[in-house]
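Q: This is what each chain is made of:
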Amino acid sequence: MRPVAIIGIGKTAFGAFPERDLRSLAVEAGEKCLADAHVSPSQVEAYYLGNFAGPSFVGQNHLAPYIAGAMGITGVPATRFEAACASSGSAFYHAVSSVAAGLNDVVLVAGVEKMTSQTTPKVTEILAGAGDTCGEVRAGATFPALFAMIARRHMYQYGTTREMLASVAVKNHENGAKNPLAHMRKVITMEQALKGKPISEPLTVFDCSLISDGAAAVLIAPLERASEFTDKPVKVLGVAQTSDYVALDQKDDITTFRAVTAAAQKAYKMAGVTAQDIQFAEVHDCFTIAEIIAIEDLGFVKKGDGGPYELAGCTKLTGPLPINTSGGLKSKGHPVGATGVGQLCDLVIQLRGEAGERQLAKHSLGLAQNLGGSGATAVVTILGVA
Amino acid sequence: MTSGVVYTETVVHAAPEQFVADAPYQLAIVSLEGGGRLTVRVEGERVAIGDRVEFVEDRNGISFFRKA
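In the order they appear, the protein sequences are chains A and B.
Under the numbering used here, the first residue of the first sequence carries the number 1, and numbering increases by one thereafter.
Under the numbering used here, the first residue of the second sequence carries the number 1, and numbering increases by one thereafter.
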């Protein structure tokens with residue numbers, strides 16, 4: 001297997017953009033990414049696109065060639081990957097596989113979602129399609145409901161509190177307020193977070209990530225060729241994708257995501273590092289409880305210690321293990337298909353030392369964790385300064 | 001499918017489009033007496049983790065349970 005590097009990144013702002021269509025967002029991210037690496041569309045050998053529900057949100061199918069063509073990329077494999085909220089994490093995993101195997105050299109990986117053109121109940125219904133529509137969804141489960149049931153069980157088994165959940169939201173908004181590309185750039189207080197409108201008990205609106213439009217892209221190439229394109233290459237040290245049952249009621253223990261623990265172990269092994277070596281991470285905080293479980297499943301803290309660790313401020317920019325320095329899905333926004341690649345862009349920004357007032361002192365080894373559905377797909381990626 | 005114990009639960013306030021009229025409603029994952037788990041609606045009194053619940057009926061493909 002050939003070592004692979006990220007040689008360029010490009011992101012749109014995440015937010016609600018009524019005047020923008022899906023294609024224009026994906027094209028903007030892709031063109032910024034190619035410009036970042038000084039690569040022309042004719043040099044791109046394959047286009048991998050993560051998108052969860054373009055057909056449902058905007059009525060457009062055949063998305064990968066539709067977007068690639070608009071960028072002047074034709075005559076190459078252009079394929080859409082769908083794995084719920086891990087769609088672009090999955091696209092990245094498969095793109096890296098192709099470059100590592102020697103099938104392609106310069107590959108563009110993107111993610112996009114255009115969600116805000118639908119009403120919130122309709123968005124809720126479309127997102128629920130990532131659950132088991134013959135079981136939990138038919139009974140009335142939404143994604144907030146599934147994660148609310150996960151939260152209730154975590155609280156019951158480990159004593160996790162509402163304040164611990166809220167502390168994740170407060171911290172992520174604090175970070176997102178400093179991120180020029182974040183959707184909701186405002187600080188919130190613990191009191192606000194605790195008194196938010198109930199969405200699915202015990203989760204309030206402040207425990208839930210945002211409904212956003214946005215796109216992100218990364219350009220990858222064999223590490224041995226990286227210096228042709230950039231003087232700041234980032235090495236893909238480890239990447240793994242794993243699966244589990246879709247329905248929550250089929251999982252033995254819903255306080256852990258087995259797919260995440262498995263993907264993390266594989267990625268750590270591939271990278272030759274341990275959880276304790278990781279300096280910072282972007283994790284999939286679709287709901288506050290998901291960040292708490294993520295830091296447990298990734299091995300950063302012991303099972304059940306995620307809540308107290310968050311409440312103690314250990315994951316803040318100034319803490320021993322900064323988590324979601326971008327603001328996370330909570331504040332940066334969660335255009336679901338763009339989230340996985342967006343996390344990778346955010347890691348690269350830190351690794352390159354370009355995070356401005358959010359810049360960490362230690363920034364040579366970072367991890368991203370992208371979750372699909374209530375844990376049926378997980379992608380864990382470890383990036384390091386090359 | 002007669003009775004079971006609540007493994008976890010939530011009360012849904014923000015419902016998907018087809019269930020907006022039902023909200024708020026309680027949803028639970030029940031560990032069934034005969035083994036396995038099922039996601040169900042709970043009617044009547046609200047239940048908590050560990051509560052015993054019993055099957056009421058299936059309506060429109062949804063299993064309804066209530067506190068035993």
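Just so you know, the hints here were simulated from the structure itself, not pulled from any lab data.
Here the structure is a predicted model, which is why all the values come from computation and not from measurement.
It is possible that part of the hints are untrue.
Unchecked claim - Ranges between beta-carbon positions, derived for each pair:
# : chain 1 : residue 1 : chain 2 : residue 2 : range
1 : B       : Ala-21    : A       : Cys-134   : 18 to 28 Å
2 : B       : Glu-54    : A       : Ala-361   : 57 to 67 Å
3 : A       : Pro-55    : B       : Lys-67    : 35 to 45 Å
To be verified - With a straight-line Cα cutoff of 20 Å, these simulated SDA-like cross-link-like pairs (lysine to any residue) come out:
# : chain 1 : residue 1 : chain 2 : residue 2
4 : A       : Lys-195   : A       : Glu-163
5 : A       : Lys-195   : B       : His-13
6 : A       : Lys-197   : B       : Ala-21
7 : B       : Lys-67    : B       : Glu-17
8 : A       : Lys-122   : B       : Glu-17
To be verified - Far from chain A by the CB rule (all over 10 Å, computed), these chain B residues:
#  : residue
9  : Thr-2
10 : Tyr-7
11 : Pro-16
12 : Glu-45
13 : Ile-49
14 : Ala-68
Beta carbons are placed, not taken as given, at the ideal position from N, Cα and C, and that holds for glycine.
Q: Lys-195 (chain A) and His-13 (chain B) were given as a pair; does the straight-line alpha-carbon distance stay at or below 20 Å?
A: At roughly 15 Å apart (the allowed maximum being 20 Å), His-13 (chain B) and Lys-195 (chain A) satisfy the hint.
Q: Just double-check Ala-68 (chain B) for me: nearest Cβ-Cβ distance to chain A has to come out over 10 Å.
A: holds (19 Å)
Q: Would you check whether the claim that Pro-16 (chain B) is not at the interface survives, using Cβ distances to chain A and the 10 Å cut-off?
A: violated (4 Å)
Q: Is the hinted pair Lys-122 (chain A) and Glu-17 (chain B) satisfied, with a Cα-Cα distance of at most 20 Å?
A: Holds. Lys-122 (chain A) to Glu-17 (chain B) sits at ~6 Å (cutoff 20 Å).
Q: Can the suggested window of 18 to 28 Å be confirmed for the beta-carbon pair Ala-21 (chain B) and Cys-134 (chain A)?
A: Holds - the Cβ-Cβ distance for Ala-21 (chain B) and Cys-134 (chain A), about 22 Å, lies within 18 to 28 Å.
Q: Quick one, are Lys-195 (chain A) and Glu-163 (chain A) close enough, alpha carbons at most 20 Å?
A: Satisfied, since the Cα-Cα distance of roughly 11 Å is no more than 20 Å.
Q: Is the claim that Tyr-7 (chain B) lies outside the interface with chain A correct, judged by CB distances over 10 Å?
A: Nearest chain A Cβ is 7 Å from Tyr-7 (chain B), so the label is violated.
Q: Go ahead and decide if the range 35 to 45 Å is satisfied by the Cβ distance of Pro-55 (chain A) to Lys-67 (chain B).
A: For Lys-67 (chain B) against Pro-55 (chain A), whose Cβ atoms are near 42 Å apart, the range 35 to 45 Å holds.
Q: Over 10 Å to the closest beta carbon of chain A is the bar; see if Thr-2 (chain B) clears it.
A: The claim holds: Thr-2 (chain B) sits with its nearest Cβ about 17 Å from chain A, beyond 10 Å.
Q: Using the C-beta atoms of Glu-54 (chain B) and Ala-361 (chain A), is the stated range 57 to 67 Å upheld?
A: holds (58 Å)
Q: At 10 Å, judged by beta carbons, does Glu-45 (chain B) keep clear of chain A as stated?
A: holds (15 Å)
Q: Straight-line Cα separation of Lys-67 (chain B) and Glu-17 (chain B) no greater than 20 Å?
A: Distance of about 27 Å is beyond 20 Å: violated.
When held up to the earlier numbered hints, the structure conflicts with 7, 10, 11, 13 and fits the remainder.
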